[in-house]
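Here the protein sequences come in this chain order: A and B. Residue numbers are given in my numbering: position 211 of the first sequence equals residue 211, and the series is strictly consecutive. In my numbering, each number is its position in the second sequence, counted from 1, plus 1000.
Quick caveat, the hints were computed from the structure, so don't treat them as lab data. Keep in mind that the hints are not guaranteed to be accurate.
Stated by the list, open to error - Only pairs whose alpha carbons sit at most 27 Å apart, straight line, appear in this in silico DSSO-like list of lysine-lysine:
| id | chain 1 | residue 1 | chain 2 | residue 2 |
| --- | --- | --- | --- | --- |
| 1 | B | K1099 | A | K135 |
| 2 | B | K1099 | A | K139 |
| 3 | A | K53 | A | K224 |
| 4 | A | K109 | B | K1099 |
| 5 | B | K1191 | B | K1307 |
| 6 | A | K53 | B | K1099 |
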Amino acid sequence: MGEYTVSELEKMADRLRLHVIEMTYAASSGHPGGSLSSAELLSVLYFHSMRHKPSDPSWDGRDRFILSKGHVAPILYAALAEAGYFPVDELLTLRKIGSRLQGHPVRGKLPGVEMSTGSLGQGLSMAAGIALAGKMDGKDYRTFCLLGDGELQSGQNWEAAMFARQYGLSGLIAFVDRNRLQITGNTEDAVGLDPLPEKWRAFGWNVIIVDGHSVRELIEAVDKASRSRKNPTVVIMNTVKGKGVSFMENNAGFHGRACSESEYRKAVGELKEALR
Amino acid sequence: MNSRLLAQRNYYGKALADLAGEREDIVVIDADLAGSTKTSDFKAVAPERFVEVGIAEQNMIGIASGLAASGKVVFASTFGVFATGRCWEQIRLAAAYPKLNVKIVATHCGISVGEDGASHQALEDIAIMRAIPNMTIVSPADAYEAYEATKAIAGYPGPVYMRMGRSEFPTITEEGRKFEIGKASVMRSGKDVTVIGCGQMVSSCLEAAGILAEEGIGAEVINMSTIKPLDSGAVIGSVSKTGCCVTAEEHSIIGGLGSAVAECLCESVCAPLERVGTRDTFGESGKPSDLMEKYGLTASDIVSAAKRAISRKK
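Construct all of the structure, not just a fragment, from the sequences and the given hints.
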């Protein structure tokens, strides 16, 4: 990995988006909004920053990726398929009976899925455990964990944050998809998270704030975080929920529903245009 | 065989300390109670593989699962209420669903926790763990069995819940006898009633069998130290012979050993069953022995239940 240019990574993000729209439309359900907001991150991780071998998913030296916001499984599956973990054709089996592409990721079911997630608030603890095992064994893999912003309302994240600092898990790098929307609406109208960077700093983490749709900023953030030798790092990604499809952007209604037929045509048209 | 008064958790600690030297892949994690759960014995010999999470049981299970996913065999310990209740859904998703090597070992289960009262007396833990797919549940009958069971679950694939008490109670098994997960053991033969116990109630079952013998009633006592998967062959075999059954557990009659046996019997040999356990109630503060008496968990309660079961035979 690593041979993709910035513009190719940007294109890849849109390819992943197109898969998300097609998969969730075929499934008539799923969570497109938060999938679209994290497309650039998945592109950067799986096609640039992560050390991994799709042909050998359990390769010991691989960097680990834990999708704490498990409902955006479609964007993870799209990245895994494009990277070569399983055939791209299989993406359209999402959420169907007998499929390896469960509604939320399941460890052991699909190559490349490290942990079972989907119940929010748990992924950072799992990632901390994986990072701790690496530290105990003197391995240099990195553990990446993607968190939703809404899920930070769950206390277990902060238990994990305290723990990771206590154990000096510098190989743990978390990303917060700060799209500011949860099912109910604006996160700040539900139970507010601001000032979010200050919260993480108070927990002893390195904090990097980026435009989550800037491939270049994401690459730099991962590089910088990887140089930490003491504390874990969180990359707060300011993003737009539904990014890349005009009528889905900043629309909480698309948190957990697929496109209708006409919406689907419009979304696919826009993404294909972007890919041209 | 001389019976001794021993606490199971002390033997759990010993087993962990021994395992530390035998296996490099064992990691122990605790939530601020290492001195009470005796995981401190492991910490003393393998501090680099001991993890303190503080008072954060949900995080403990997540960390344990991450460690297990990375090849470790993880023992996660705290008191029974917190080990199962506080983090039930974390156990379900993070550990049990992916069949990870997370061994949840709880001490301070049952009403004999005593003075701490209901907040600390786990009487529903078996029920809630039993409902989770992939989960194996072990409840050793004494300290010796706790030692052997610890060794056994370390080598058994997948998630396990092991339950122990706080206080000392009599040993009834032979020290050093290998523990077989999923296999019940007949502690005493009899033809009139089957008495199945787990944990420290097995000792009370034996005491009850002695009392019944004086009245000419033959009780067959079974130590059901694995509750899931239940050794249904042992239950069916014995009850087919005796024609009735009593279960005894320091746990609610809802969802625990009594329920597991009831489920087994109603799908096989239909026979009268009497369950000794707490009856849909919380506990309270008090001396363990006073509580066991007040909540109907003594040998004499088992004797009465046996007589009721026998009287209901057709």
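For each hint, the structure was consulted:
1. The hinted pair formed by K1099 (chain B) and K135 (chain A) meets the criterion: a straight-line CA distance of about 23 Å does not exceed 27 Å.
2. Between K1099 (chain B) and K139 (chain A) the alpha-carbon distance is near 24 Å, which keeps this suggested pair within the 27 Å criterion.
3. Of the supplied pair hints, the one linking K53 (chain A) and K224 (chain A) holds, its CA atoms being roughly 23 Å apart against a limit of 27 Å.
4. A hinted pair counts as satisfied when its Cα atoms are at most 27 Å apart, and K109 (chain A) with K1099 (chain B) qualifies at roughly 12 Å.
5. A threshold of 27 Å between alpha carbons decides the hint, and for K1191 (chain B) with K1307 (chain B) the separation of about 13 Å falls inside it, so the pair holds.
6. Restraint check: the Cα-Cα separation between K53 (chain A) and K1099 (chain B) comes to about 24 Å, which is no more than 27 Å; the hinted pair holds.
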